[in-house]
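Trainee: Given these sequences and hints, build the entire structure.
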Amino acid sequence: MGAQLKNYLHLHFIVFIWGFTAVLGKLITLDAMPLVWYRMLMAAVLIFFYLFAKRYSLKVSPKMLLALIGAGIVIALHWVTFFMAIKVSNVSIALATMSTGAFFTALIEPFWYKRKMIWYEVVFGIVVMLGLYMIFKVDTQYLYGILIALVSSFLSALFSMINGKLIQKEKPSVISFYELLSGVGLLSIFLAFQGSFNARFFQLSSDDLLYLFILASVCTAYAFIASVKILKFISPYTVMLTINLEPVYGIVLAFLILGDSEKMNPLFYLGGGIILLTVLANGILKNRRRFKKPFKG
Numbered sequence: 089m090g091a092q093l094k095n096y097l098h099l100h101f102i103v104f105i106w107g108f109t110a111v112l113g114k115l116i117t118l119d120a121m122p123l124v125w126y127r128m129l130m131a132a133v134l135i136f137f138y139l140f141a142k143r144y145s146l147k148v149s150p151k152m153l154l155a156l157i158g159a160g161i162v163i164a165l166h167w168v169t170f171f172m173a174i175k176v177s178n179v180s181i182a183l184a185t186m187s188t189g190a191f192f193t194a195l196i197e198p199f200w201y202k203r204k205m206i207w208y209e210v211v212f213g214i215v216v217m218l219g220l221y222m223i224f225k226v227d228t229q230y231l232y233g234i235l236i237a238l239v240s241s242f243l244s245a246l247f248s249m250i251n252g253k254l255i256q257k258e259k260p261s262v263i264s265f266y267e268l269l270s271g272v273g274l275l276s277i278f279l280a281f282q283g284s285f286n287a288r289f290f291q292l293s294s295d296d297l298l299y300l301f302i303l304a305s306v307c308t309a310y311a312f313i314a315s316v317k318i319l320k321f322i323s324p325y326t327v328m329l330t331i332n333l334e335p336v337y338g339i340v341l342a343f344l345i346l347g348d349s350e351k352m353n354p355l356f357y358l359g360g361g362i363i364l365l366t367v368l369a370n371g372i373l374k375n376r377r378r379f380k381k382p383f384k385g
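For reference, each letter of the sequence shown is one residue, going 89 to 385 in my numbering.
Since the hints were derived computationally from the structure, they do not count as laboratory data.
Please read these numbers as outputs of a predicted model, since none were measured by experiment.
Watch out, some of these pointers could steer you wrong.
Taking CB as the label site, the calculated pair distances span [to be verified]: (1) N95 to L297: 30 to 38 Å; (2) V340 to K151: 40 to 48 Å; (3) Q291 to I345: 22 to 30 Å; (4) Q282 to A369: 39 to 47 Å; (5) L344 to K94: 24 to 32 Å; (6) L355 to P150: 49 to 57 Å; (7) L358 to G273: 37 to 45 Å.
Idealized CB from N, CA, C, for every residue including glycine.
Mentor: Right under this line is the structure:
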């Protein structure tokens, strides 16, 4: 239980970092796709140097490579839609909508891992949707951002499912490197067709460069490897439900850093509170199940 507690605390620290990621996305002046391109490229380079220093082999089987490319495409699309949702609405709305990831995961995971559906996972997913419904009622001007964030949330749940299997076969850092590199490749194709690779594309302000480095190093390279590794010890559903705390961390940080532009009405915070209580209830039930039988993730 000591090692298990350590993994849960590490997971919460990573989720806190991801909450800060949303704030950085708002501060960076780039559009969503160039922002994610720079993020993934810089993170891939940093992870490559890490692999080189550790003398890890990059050799993987063709089957594994195809799976990693697929996962990289999913995470790239997830990040693009996530930052797009932030740009068209605000940090609070985008993060709160991402909490639906637990509901998507509760529906997908039983089929993905060929296990029975656990009743309280579905109930918690529905409760999260109730909290989200309250957030929907805040302001109709954010509807477009909410819809984009829902797509991002589904992609996040799907990515968690894919990595939950890949981590059993390969090192987290190797998985992360190929996924990030695949995402860069996908976005490069889109950007090339759009004619975006011009002199202006590569002209970054000093602030954007600093924020991108923090985003790529701490919030991506470190958090990405650590989150993949955690899937060895904690189930994807529990990871996704814990990620619902990202809005709580992110909204507080956004209000402190961005000010009144992130201030919402009381109904929004009520919905966020319901989501938080759901996360805590899941943790309690998961721990009770572990006391009754050996931990299996």
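Trainee: Run every hint past the structure and note whether it holds.
Mentor: Okay, the hints, checked on the actual structure:
1. N95 to L297: 30 to 38 Å: For L297 against N95, whose Cβ atoms are near 34 Å apart, the range 30 to 38 Å holds.
2. V340 to K151: 40 to 48 Å: holds (43 Å)
3. Q291 to I345: 22 to 30 Å: holds (25 Å)
4. Q282 to A369: 39 to 47 Å: holds (45 Å)
5. L344 to K94: 24 to 32 Å: holds (28 Å)
6. L355 to P150: 49 to 57 Å: Given a distance of about 52 Å, which is inside 49 to 57 Å, the answer is holds.
7. L358 to G273: 37 to 45 Å: Cβ of L358 to Cβ of G273: about 43 Å, so the range 37 to 45 Å holds.
Comparing the model with each numbered hint stated earlier shows that all of them hold.
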